[in-house]
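Please construct the entire structure, taking both the sequences and the accompanying hints into account.
Sequence lines, in order, name chains A, B and C. Using the numbering used here, the letters of the first sequence correspond one by one to residues 1 to 268. Using the numbering used here, the letters of the second sequence correspond one by one to residues 1 to 322. Using the numbering used here, the letters of the third sequence correspond one by one to residues 1 to 91.
Please note that the accuracy of each hint is not assured.
[Claimed, not checked] Below, computed lysine to any residue pairings styled on SDA-like, alpha-carbon distance capped at 25 Å:
| # | chain 1 | residue 1 | chain 2 | residue 2 |
| --- | --- | --- | --- | --- |
| 1 | B | Lys284 | B | Ala92 |
| 2 | B | Lys284 | B | Leu182 |
| 3 | B | Lys38 | A | Phe130 |
| 4 | B | Lys38 | B | Leu49 |
| 5 | B | Lys284 | A | Ile163 |
| 6 | B | Lys284 | B | Ala274 |
| 7 | B | Lys284 | C | Arg47 |
| 8 | B | Lys284 | A | Val232 |
| 9 | A | Lys217 | A | Val246 |
| 10 | A | Lys99 | C | Ala16 |
| 11 | B | Lys284 | B | Asp94 |
| 12 | B | Lys38 | A | Glu165 |
| 13 | B | Lys38 | A | Trp104 |
| 14 | B | Lys284 | A | Val251 |
| 15 | A | Lys217 | A | Thr54 |
| 16 | B | Lys284 | B | Gly185 |
| 17 | B | Lys38 | C | Val35 |
| 18 | A | Lys217 | A | Val47 |
| 19 | A | Lys99 | C | Arg47 |
| 20 | B | Lys38 | C | Val31 |
| 21 | B | Lys284 | B | Arg240 |
| 22 | A | Lys217 | B | Ala229 |
| 23 | A | Lys217 | A | Phe130 |
| 24 | A | Lys99 | A | Ile190 |
| 25 | B | Lys284 | B | Ile81 |
| 26 | A | Lys99 | B | Ala92 |
| 27 | A | Lys99 | C | Val6 |
| 28 | A | Lys99 | A | Ile163 |
| 29 | B | Lys38 | A | Val232 |
| 30 | A | Lys99 | B | Val60 |
| 31 | A | Lys99 | A | Pro175 |
| 32 | A | Lys99 | C | Gly39 |
| 33 | A | Lys217 | B | Gly288 |
| 34 | B | Lys284 | B | Arg80 |
| 35 | A | Lys99 | B | Val53 |
[Unchecked claim] Counterexamples of contact, computed for chain C against chain B with all Cβ distances above 12 Å:
| # | residue |
| --- | --- |
| 36 | Val6 |
| 37 | Met25 |
| 38 | Ser32 |
| 39 | Ala60 |
| 40 | Ala79 |
Derived from the structure by calculation, the hints contain no laboratory data. Computed from a prediction, not measured in an experiment: that's the story for all the values here. Glycine included, every Cβ here is placed at the ideal spot set by N, Cα and C.
Residues per chain are reported as follows:
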Amino acid sequence: MRRLPWARTVFWLYGITLMLPLLWMFGMSIRPNQDILGSFQLIPQRVTFDNYVTFFTDSVWYSSYLNSIVYTSMNAVMSLVIALPAAYAFSRFRFAGDKHLFFWLLTNRMAPPAVFLLPFFQIYQAVGLFDTHLGVAVAHMLFNVPLAVWILEGFMSGIPREIDETAAIDGYSLPRFFVRIFLPMIRSAIGVTLFFCFMFSWVELLIARTITSVNAKPIAATMTRTVSAAGVDWGLLAAAGVLTIVPGAIVIWFVRNYIAKGFSLGRV
Amino acid sequence: MTAALPSRTEQRREQRTERRTRRTRRTAPSAEDRAPGKRRANRAWLLVLPVVVSVAFTAVIPLMTVVNYSVQDIFSPNDRIFVGLEWFRSVARDPEVRAAFVRTLLFSAQVLLLEIPLGVAVAVVMPRRGLGAPAALVLVALPLLIPWNVVGTIWQIFARPDIGLGGWTVNNVLGLDYNYTLDAGDAWITVLVMDVWHWTPLVALLAYAGLRSIPGPYFQAAQIDGASAWATFRHIQLPRLRGVLTIAILLRFMDSFMIYTEPFVVTGGGPGNATSFLSILLSKIAVGQFDLGPAGAFSLLYFLAVQIVCYVFFTVLTRTGR
Amino acid sequence: MFEWMVWTGPTAAVFAGLGLLLCAMTIWARVSPPVPRRGFLRIETDRGDRLYIGLISGAAVLAGWIAVTDLSMWLALAAAFLVVLAIGIWG
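Encoded structure:
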């Protein structure tokens with residue numbers, strides 16, 4: 001197709017602008033605090049990894065990082081397992097109230113988490129899930145189950161229904177067909193769904209902070225409470241920021257072609 | 001007149017083929033498609049049951065509780081008074097809530113006005129072939145995968161006049177007096193620029209996916225006609241982007257309408273109330289002051305607004321092109 | 001166990017009413033399946049869609065009313081009911 005002659009240049013300029021704030025934070029994370037608060041330097045004069053060392057030796061920091069990883073993983077798996085049969089049903093059958101149900105799921109994905117804060121706080125205390133990993137994982141299913149259903153349904157609808165019928169003629173029962181034939185066919189969809197559940201749970205702060213205090217405190221909450229008497233520890237904060245980007249940055253290469261699909265709930 | 005006629009019929013034919021391709025494209029909205037192949041089977045409810053149960057626990061019971069809060073003045077579970085619709089009246093007339101509502105709407109409008117054109121522009125110049133294509137995808141997608149509070153941290157650092165590259169540049173190179181912790185206007189601009197930085201990539205990726213689905217012959221035809229780059233964009237690319245742009249606009253509206261984490265980290269809603277959006281105000285009333293009644297009424301009004309927009313979203317998404 | 005839900009009579013009645021409405025719609029759909037059509041809303045709706053749109057619009061009427069006037073909420077309720085009916089019949 002026709003390309004504008006300067007398209008490439010414009011794009012890479014945009015790319016550099018996009019990366020600047022990120023690189024700046026990385027720069028902050030590898031210099032000592034005196035240098036950060038001292039005179040303004042474009043390039044770090046003294047490079048140190050003390051901030052990272054502090055992160056991995058201070059139990060408040062690394063344990064909240066682990067907390068986040070534990071509950072996001074639990075949440076991703078639970079959401080996926082629950083969503084798989086439902087997405088199959090939505091993509092293959094018509095049943096009473098199907099589209100209303102499908103819409104109702106969407107409203108949960110779109111609802112502001114702030115609305116659910118107080119009842120969540122009460123519920124999780126009443127049922128003994130307050131400040132547990134399972135509690136946060138269940139709470140995040142509020143938006144991740146709908147997300148998973150919508151994404152999976154988007155993928156499954158792209159698979160022709162004739163395959164189901166052929167399998168039925170060959171004598172496969174529905175559960176056996178689903179596990180033996182269908183699941184392998186939608187491998188990439190499962191990966192993408194897991195990734196998006198993981199990510200949306202990983203980035204969420206408001207609910208996770210409200211229903212935890214110590215044992216399951218997420219990294220995001222630790223990061224927003226770094227102001228001490230001595231002021232903000234910018235270097236450590238930046239190091240924590242860099243480390244929380246790492247999981248996403250590792251997986252991004254594998255899901256690069258599906259990011260638009262995932263964010264648009266499987267509609268693109 | 002006679003010269004215009006064939007082009008118009010041509011256009012109509014193009015529209016017709018476009019509609020036909022959209023119907024057969026596997027990217028079309030699907031769940032409620034009345035596709036002939038879908039079997040009617042109410043037993044499918046069994047497959048949906050786990051989802052219904054889980055969402056009932058995480059959404060329905062909490063919402064019922066919010067409704068109960070909103071009509072009472074609660075001191076403790078056993079010491080509470082039924083007050084009817086009083087909280088709704090006071091919340092709906094609270095100048096602070098109204099200001100936050102207007103502020104949030106204004107923010108969403110600005111976000112859409114900036115991010116949609118910018119995102120489409122980025123998508124148009126994004127490399128589509130060669131090694132540059134996957135690299136560009138990863139580069140553009142990266143901001144989307146950063147935890148929201150870290151996006152806040154990044155900009156909190158980047159925009160500081162003393163230690164941040166952005167804030168320092170504006171003050172010392174452009175010579176403007178800029179400090180987002182003191183000046184309301186600066187704080188607003190910081191939050192807006194942050195959102196544009198964070199979410200324009202989403203619009204770009206969606207538009208890019210849309211552009212890639214345009215069949216090559218369209219461009220070859222334009223090339224033979226000697227169409228300019230702008231004409232190609234205006235008459236071939238833009239019309240084909242309608243579907244993805246609808247999704248982009250509605251997603252961006254919903255998410256900016258409930259924005260919380262990023263401005264909370266950067267400005268905490270301040271200075272004053274300059275950036276206290278609906279979610280920030282609501283969580284202040286709910287968690288900060290633990291005012292169950294007003295928070296409940298506020299939540300329900302907020303939820304109602306979201307429901308309405310969401311229904312429009314759903315309708316547009318599933319019924320366009322029919 | 002459910003003390004923290006702080007139920008009151010009126011809210012319980014509202015939710016019971018909604019539950020009954022849902023059951024009634026399900027039974028009605030069994031007796032005579034809904035037929036999608038187009039009304040003044042200009043989109044294809046069946047009766048479930050119209051009920052939902054009607055209820056949401058009714059709630060919007062109530063919210064707008066309480067934000068703007070001091071007139072009795074019973075009037076607002078009547079107006080909301082009319083909206084639900086209008087959308088249900090001609091929507």
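Outcome of the hint check:
1. Restraint check for lysine 284(B) and alanine 92(B): satisfied, since their Cα atoms lie roughly 17 Å apart, inside the 25 Å limit.
2. As the CA atoms of lysine 284(B) and leucine 182(B) are separated by approximately 21 Å, the hinted pair is consistent with the 25 Å bound.
3. For a cut-off of 25 Å, the pair hint linking lysine 38(B) to phenylalanine 130(A) is broken: about 43 Å separates their Cα positions.
4. Between the alpha carbons of lysine 38(B) and leucine 49(B) the distance comes to roughly 19 Å, so the proposed pair stays at or under 25 Å and holds.
5. Annotation: proposed proximity of lysine 284(B) to isoleucine 163(A) is violated, straight-line Cα distance about 53 Å (limit 25 Å).
6. Only pairs whose Cα atoms come within 25 Å are accepted, and lysine 284(B) paired with alanine 274(B) is accepted, the gap being roughly 15 Å.
7. A C-alpha spacing of about 40 Å is found between lysine 284(B) and arginine 47(C), which places the hinted pair above 25 Å, so the restraint is violated.
8. Our distance criterion of 25 Å between C-alpha atoms is met by lysine 284(B) and valine 232(A), whose separation comes to about 22 Å.
9. Note on lysine 217(A) and valine 246(A): the hinted pairing holds, with a Cα-Cα distance of about 19 Å set against a maximum of 25 Å.
10. Note on lysine 99(A) and alanine 16(C): the hinted pairing holds, with a Cα-Cα distance of about 23 Å set against a maximum of 25 Å.
11. For a cut-off of 25 Å, the pair hint linking lysine 284(B) to aspartate 94(B) stands: about 15 Å separates their Cα positions.
12. Distance hint between lysine 38(B) and glutamate 165(A) is fulfilled; the C-alpha atoms sit about 11 Å from each other, no more than 25 Å.
13. Only pairs whose Cα atoms come within 25 Å are accepted, and lysine 38(B) paired with tryptophan 104(A) is accepted, the gap being roughly 21 Å.
14. A C-alpha spacing of about 35 Å is found between lysine 284(B) and valine 251(A), which places the hinted pair above 25 Å, so the restraint is violated.
15. Under the criterion of a C-alpha separation no larger than 25 Å, the hint pairing lysine 217(A) with threonine 54(A) is consistent with the structure, at around 18 Å.
16. With a C-alpha separation of about 22 Å, the suggested pair lysine 284(B) and glycine 185(B) falls inside the 25 Å cut-off, and the hint holds.
17. In summary, the hint linking lysine 38(B) to valine 35(C) is supported, as the alpha carbons are separated by about 18 Å, within the 25 Å threshold.
18. At roughly 31 Å between alpha-carbon atoms, lysine 217(A) and valine 47(A) are farther apart than 25 Å, so this suggested pair is violated.
19. The straight-line distance between the Cα atoms of lysine 99(A) and arginine 47(C) is roughly 13 Å, inside the 25 Å bound, and the hint therefore holds.
20. Proposed proximity of lysine 38(B) and valine 31(C) is supported: the alpha carbons are some 22 Å apart, at most 25 Å.
21. Distance check on the hinted pair: lysine 284(B) and arginine 240(B) sit about 43 Å apart at the alpha-carbon level, beyond 25 Å; violated.
22. About 53 Å separates the Cα atoms of lysine 217(A) and alanine 229(B), which puts this hinted pair outside 25 Å; it is violated.
23. For the given pair, lysine 217(A) sits about 11 Å from phenylalanine 130(A) by alpha-carbon distance, which is consistent with the 25 Å threshold.
24. Pair hint lysine 99(A) plus isoleucine 190(A) holds up; C-alpha atoms about 23 Å apart against a cutoff of 25 Å.
25. Under the criterion of a C-alpha separation no larger than 25 Å, the hint pairing lysine 284(B) with isoleucine 81(B) is consistent with the structure, at around 23 Å.
26. As the CA atoms of lysine 99(A) and alanine 92(B) are separated by approximately 32 Å, the hinted pair breaks the 25 Å bound.
27. At roughly 32 Å between alpha-carbon atoms, lysine 99(A) and valine 6(C) are farther apart than 25 Å, so this suggested pair is violated.
28. Of the pairs offered as hints, the one joining lysine 99(A) and isoleucine 163(A) holds, with about 24 Å between alpha carbons and a cut-off of 25 Å not exceeded.
29. For the given pair, lysine 38(B) sits about 58 Å from valine 232(A) by alpha-carbon distance, which is inconsistent with the 25 Å threshold.
30. Between lysine 99(A) and valine 60(B) the alpha-carbon distance is near 18 Å, which keeps this suggested pair within the 25 Å criterion.
31. For a cut-off of 25 Å, the pair hint linking lysine 99(A) to proline 175(A) stands: about 24 Å separates their Cα positions.
32. In summary, the hint linking lysine 99(A) to glycine 39(C) is supported, as the alpha carbons are separated by about 20 Å, within the 25 Å threshold.
33. For the suggested pair lysine 217(A) and glycine 288(B), the alpha carbons sit about 18 Å apart, so the restraint of at most 25 Å is met.
34. Restraint check for lysine 284(B) and arginine 80(B): satisfied, since their Cα atoms lie roughly 22 Å apart, inside the 25 Å limit.
35. Of the pairs offered as hints, the one joining lysine 99(A) and valine 53(B) holds, with about 17 Å between alpha carbons and a cut-off of 25 Å not exceeded.
36. With a least beta-carbon separation of about 5 Å from chain B, valine 6(C) fails to lie farther than 12 Å from that chain, contradicting its non-interface assignment.
37. With a cut of 12 Å on Cβ distances, methionine 25(C) stays outside the contact zone with chain B, its closest approach being about 15 Å.
38. Interface exclusion of serine 32(C) from chain B stands, the closest Cβ pair being 16 Å apart, more than 12 Å.
39. Some Cβ of chain B comes within 12 Å of the Cβ of alanine 60(C); the nearest lies about 7 Å off, and the non-interface call is violated.
40. With a closest Cβ-Cβ approach of about 15 Å to chain B, alanine 79(C) is found to remain outside the 12 Å limit, as its non-interface label requires.
When each numbered hint is compared with the structure, violations occur for hints 3, 5, 7, 14, 18, 21, 22, 26, 27, 29, 36, 39.
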